[in-house]
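Taken in order, these protein sequences are the chains called A and B. Sequential numbering from 1 applies to the first sequence in the numbering used here. Sequential numbering from 358 applies to the second sequence in the numbering used here.
Derived by calculation from the structure, the hints in this document are not laboratory data. From a predicted model like this one, the values you see are computed outputs, not experimental measurements. The beta-carbon is built from N, C-alpha and C at its ideal position, and this holds for glycine as well. There could be a bad hint or two in this list.
Stretches of chain B that chain A covers, calculated by requiring three or more beta carbons in the stretch to come under 8 Å of a beta carbon on chain A [what the hints assert, rightly or not]:
hint, region
1, 485–495
2, 568–577
Listing some non-contacts, in silico: residues in chain A with all C-beta distances to chain B over 10 Å [as the list claims (entries may be wrong)]:
hint, residue
3, A7
4, T16
5, M85
6, S89
7, R114
8, D128
9, D169
10, E174
11, A197
12, P245
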Amino acid sequence: MDGTDPAPRLDLEGVTKRFGDGVAVADVSLALSPGEFFCLLGPSGCGKSTLLRLVAGFETPSAGLIRVDGRDLAGLPPHRRPVNMMFQSYALFPHRDVAGNVAYGLTNLNRADRAGRVRDLLARVRLDGFGTRRIDTLSGGQRQRVALARALAREPGVLLLDEPLGALDRGLREETQGELRALQRRLGITFVMVTHAPGEAMALADRIGVMDRGRLVQVGDAAALYERPATRFVAGLLGDVNLIPGRVSGRDGDWAVVETGFGPVRARASGPTPGEGEAATLVIRPERVGLGAGVGPAGTITDVTFLGERIRRQVRMADGTLLRASGPAGGHAPDPHGVGAAIRLDLDPEACRLLPA
Amino acid sequence: MKRPARLIAVVPALWLAAFVLVPALIVLKISLSAAATAQPPYLPVLDWSAGPVGWGSFLEALDFTNFETLLGDALYRDAALQSLWLAGLATLILALLGTPLAHAMARSPARLQPLLVALVIVPFWTSFLIRIYAWIAILKPEGLLSAALLRLGLIDRPLEILGTQAAILVGLTYAYLPFMVLPLYAVMVRLDPNLREAAADLGASPIRVFWSVTLPLARPGLAAGALLCFVPMVGEFIIPDLLGGSDTLMLGRVLWSEFFSNRDWPLASAVAILMLALVVVPLVLLRESGTPDRNAVR
Chain A
1 MDGTDPAPRL
11 DLEGVTKRFG
21 DGVAVADVSL
31 ALSPGEFFCL
41 LGPSGCGKST
51 LLRLVAGFET
61 PSAGLIRVDG
71 RDLAGLPPHR
81 RPVNMMFQSY
91 ALFPHRDVAG
101 NVAYGLTNLN
111 RADRAGRVRD
121 LLARVRLDGF
131 GTRRIDTLSG
141 GQRQRVALAR
151 ALAREPGVLL
161 LDEPLGALDR
171 GLREETQGEL
181 RALQRRLGIT
191 FVMVTHAPGE
201 AMALADRIGV
211 MDRGRLVQVG
221 DAAALYERPA
231 TRFVAGLLGD
241 VNLIPGRVSG
251 RDGDWAVVET
261 GFGPVRARAS
271 GPTPGEGEAA
281 TLVIRPERVG
291 LGAGVGPAGT
301 ITDVTFLGER
311 IRRQVRMADG
321 TLLRASGPAG
331 GHAPDPHGVG
341 AAIRLDLDPE
351 ACRLLPA
Chain B
358 MKRPARLIAV
368 VPALWLAAFV
378 LVPALIVLKI
388 SLSAAATAQP
398 PYLPVLDWSA
408 GPVGWGSFLE
418 ALDFTNFETL
428 LGDALYRDAA
438 LQSLWLAGLA
448 TLILALLGTP
458 LAHAMARSPA
468 RLQPLLVALV
478 IVPFWTSFLI
488 RIYAWIAILK
498 PEGLLSAALL
508 RLGLIDRPLE
518 ILGTQAAILV
528 GLTYAYLPFM
538 VLPLYAVMVR
548 LDPNLREAAA
558 DLGASPIRVF
568 WSVTLPLARP
578 GLAAGALLCF
588 VPMVGEFIIP
598 DLLGGSDTLM
608 LGRVLWSEFF
618 SNRDWPLASA
628 VAILMLALVV
638 VPLVLLRESG
648 TPDRNAVR
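Just chain B, with the same shape it has in the complex (with noise of 0.2 Å):
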């Protein structure tokens, strides 16, 4: 690399290294001190200027309780369990969705397609948390849902979603729509067409065209726009909040209330890092499986 392009570099890095790595490297110390609920100092404190020998007993005095509360404790567990449980069954339900839809905006007339991207993107125009407000008024049984279905008569009686497992997963599926369909558009509106067309003029039916050609070809949108949902979803906060029960916990939820709660800071970093482990892990498998293929893009 030249100079120049190094020097460019720094500053993404230096961005990256005070606003990420530094707070996470403190979270990371908050974690490992003894539980305490109060504001800081934590113990032990890091003294700079303590020389090798303070900073070893600093690291002798490192307390692991937290992590061994979390991980002893079933409420914790089930809590990591149900948002990646939640979060990964929220991702397939938008790609399912998000694949068809990012496959007619990229075949839709190009004239059009720009209107299209616009589309998607216009609810970001609107408060997150009042969108998914606006969600408690369409699902809550008194709500607009209920009373459509009823005066259809598809249902006797009004609904019982609001507060519900099924209402995160609304709320998730409609929040995070765009981070799957954008990848994916971007990735399915630079496929070569005469790809489409010389596999159909081999015979395959529009069905065996989408599954052998336009999909395994859209795979690393795919990947990157699984990648841009899971990974916020497994921490989310306000869509369990506001449209979850009281029986839903996520890991974003048991965060908020150990750091406002419980004031518990020390668990509360604990399971900030725990999170971080759970996805950091998916995303480096994603990576790996997710290579762009230059090939499959002109």
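Chain A with its partners taken away, still in its complex shape (with noise of 0.2 Å):
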């Protein structure tokens, strides 16, 4: 993002909430501009679902504000607030049909108005003709979709979602993704999107904020937070990771040479991060772990898996460290890689990160 940000749509300082003796959301700051597709990702029990909760109204925040475009919302029952949400069940009426819940949000408008919004919305969710059909008639990608026209329906500046997708099966859900990333872009609404599939929140998402524990522990674009974790959490949640105990023995600016039981590694050291002396992770990407005959650490490969697109190796460092490398299946054969090769690990300094033990 540049420094000519417009203002925020949704603001959220400092917002805590408490339940008992357990903090749900702890101290979580969040500015989002108009248009962003934002995505919380974080396990079951880390707070997200709470904090789209204390946007919407239906809980109230311990401590902390949340504004949209700059207005407090503290106090403010959910059916006063400019925002809408999509459930996770979806909570679609029962004894209303399609057309019905879809209206349900349209009080404003006179009868006729109201019918062609209808027709409008249920349109743009490839529901046409569906009005006057029975919730329980529908599969669940259509009720999933209309729980998102009935949410869209009051043209809310922002949009929550509730594990959106977490009802569907594999295909649709991929499917769904797609569609929802373009109707997003086509209404620029703020879309604030609860999921604990990272594979989601990465190909949705502008930004991802991962939460652990009731804390928004990093925020930023699927690559940055992939190549650059900030913590170990985040780095194993987003995809394979190799987590290599050592020992910081050296510092210089940005860089850091990590002591390991197969031998010194330099390292990308940016942020808070150990000093000299100190314990420390080293994490590596297993694509970005080299195999090679050169100087670096020497190891023997343990374990070959064809996954198709890729192989995956495991090595075992002279020490007894298991290192997972995975690189482009074919190109080789017969696999100069293969079982109880000896190896030279290549370490790419740019792909090895140092953070906190």
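Build the complex from these two chains, which are given one at a time in their own frames, with help from the hints.
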């Protein structure tokens, strides 16, 4: 993002929610731009759904401010908030037909306008002609689209989506991801989507906020989170990763040398990272672990798994540390890196990152 | 249905046949006998050994005078109308009181709910008769209610409630409230809270949420509660007898006095059959409209 960001559409400042002795959401601050697609990513129980419910007004924050377009939402009941929510269970009204559900929030329109608006909304989610269908006659995917149309009906500035794709089966989920993304681009509404699926967050979001035990631990686009995770938790959440324990033996600005069980490794160290002499974790993605014959640390290949487009190899280092390395399949016949092959690691310092132990 | 399931259904079926169907048929037969102020047997007597001809003459001898008496006599007609009117009015009052009560119970913290349900049931631990007698002590002119209102200066002479229709309504409302609240609560507590939240999220005020989401989805509970209250209230005897005046005739009292005071069993049986007909009709109607909507409940 550049320095001329427009005023934030949704602005959270130190938002905290305590339930009894527990803290569900701890001091979360976040500013979302108009038209941004933001994903809150984290395991179940990390507080991401609670954060969504705080914005919708179903829960009251113990501390902190929630603003939409600069307006403080404190004290506003859910039905007065300029946000709408799509529920994980969809929460469709079983006693109303599809059109009745979509029209529920359109009380400010007269009958004719309302019917027209419902038709537009149903067309937008490809449910033309479904207006008079009962909810219990719809498939899961159709219900999901009705819920989306209903939540969009009032043209909210911010749409909150709680695991909107969670109840769909795999194939449908991927198809729906594309539709959701296209719809969001077209409407220019700020989406805040809660998900526990990293792939979904990376595919959809402009920015991702990773939550862990109530805290927002890192915010950034998918590539930044993947390449430059701030914690071991973020590193592990977004994909397979090698976490190697070690000790910092030297620092030089943004660079550090980590003494691992199989020798010193040079690594990037930006942000608050351990200083010289402190315990640290070296993080490297399997696809950045190169196998060569140079002068790097020595190891032996102990396992090879063919995954189609990729091959994953397990490497046992001299001290017994097991690393995973993955590379594109094919090209070598016979494979020079079969089980038992002695290799040397080729570790790009740019791909190695230093994190707290 | 598999065989074991069918066998299980036989037991309640036999029970119902022995203790509901057969007695009802006996009452029906007595209601079609000639009026007589005495103990059985009542004429005609059905002689199973008489063969088809004998059964035919039995059928011919059946006497419909009791029903003619009932339908022709203003006393019985008024008693029936008054029973329906009071039971209907009490059902309406119960619905108006029970719905918010059940709603509040269903929305209170989960750990409080067993206690609240227990509180609704607690009155059943005391004899029904004693509880209605207690209302006499409350409602009589020198009773607790009058004394309290006099003390507060809200009235300047004792209330004349006892012995009126109002007293019957108070008694009916008090006695039948649990039968309205419990089925309503059972349905409301299982409603997905997300439905209410979704409605609020879409701009509905709490009042609109209640009218457009909670109440329509609680309809099966309301229908069951109305049924459980209305049907027995039509035939209620104790409450009108103890709290009502001599001018308030409800079917239960008529039935009782025909059986025990006039000792006219055939006529009393006819009243019982008439009452059954009066409550079966609304029962069937409510069954039609109250078919539970399974989707309303998680």
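Going through the hints against the structure:
1. Coverage of the region 485–495 of chain B by chain A is violated in this model, with 0 residues showing a Cβ closer than 8 Å to a Cβ of that chain against a need of three.
2. With 4 residues having a beta carbon nearer than 8 Å to a beta carbon of chain A, the region 568–577 of chain B meets the requirement of three or more and the stated coverage holds.
3. Remark: the non-interface label on A:A7 is consistent with the geometry, its nearest Cβ contact in chain B lying 24 Å away (cut-off 10 Å).
4. No Cβ of chain B comes within 10 Å of the Cβ of A:T16; the nearest lies about 22 Å off, and the non-interface call holds.
5. At roughly 5 Å from the closest C-beta of chain B, the C-beta of A:M85 falls inside 10 Å, breaking its exclusion from the interface.
6. Not every C-beta of chain B lies more than 10 Å from that of A:S89, the closest at about 5 Å, which undercuts listing it as non-interface.
7. Non-interface call for A:R114 relative to chain B: holds, since the shortest CB-CB distance, roughly 13 Å, exceeds 10 Å.
8. The non-interface label for A:D128 is consistent with chain B: the shortest C-beta to C-beta separation is roughly 22 Å, beyond 10 Å.
9. Once the 10 Å rule is applied to beta carbons, A:D169 is consistent with being away from chain B; the minimum gap is 21 Å.
10. For A:E174, the non-interface assignment is confirmed: its Cβ lies about 26 Å from the closest Cβ of chain B, beyond the 10 Å cut-off.
11. Residue placement check: A:A197 keeps its beta carbon more than 10 Å from all beta carbons of chain B (closest about 21 Å).
12. Once the 10 Å rule is applied to beta carbons, A:P245 is consistent with being away from chain B; the minimum gap is 44 Å.
The structure fails to meet hints 1, 5, 6 from the earlier list, while all remaining hints are met.
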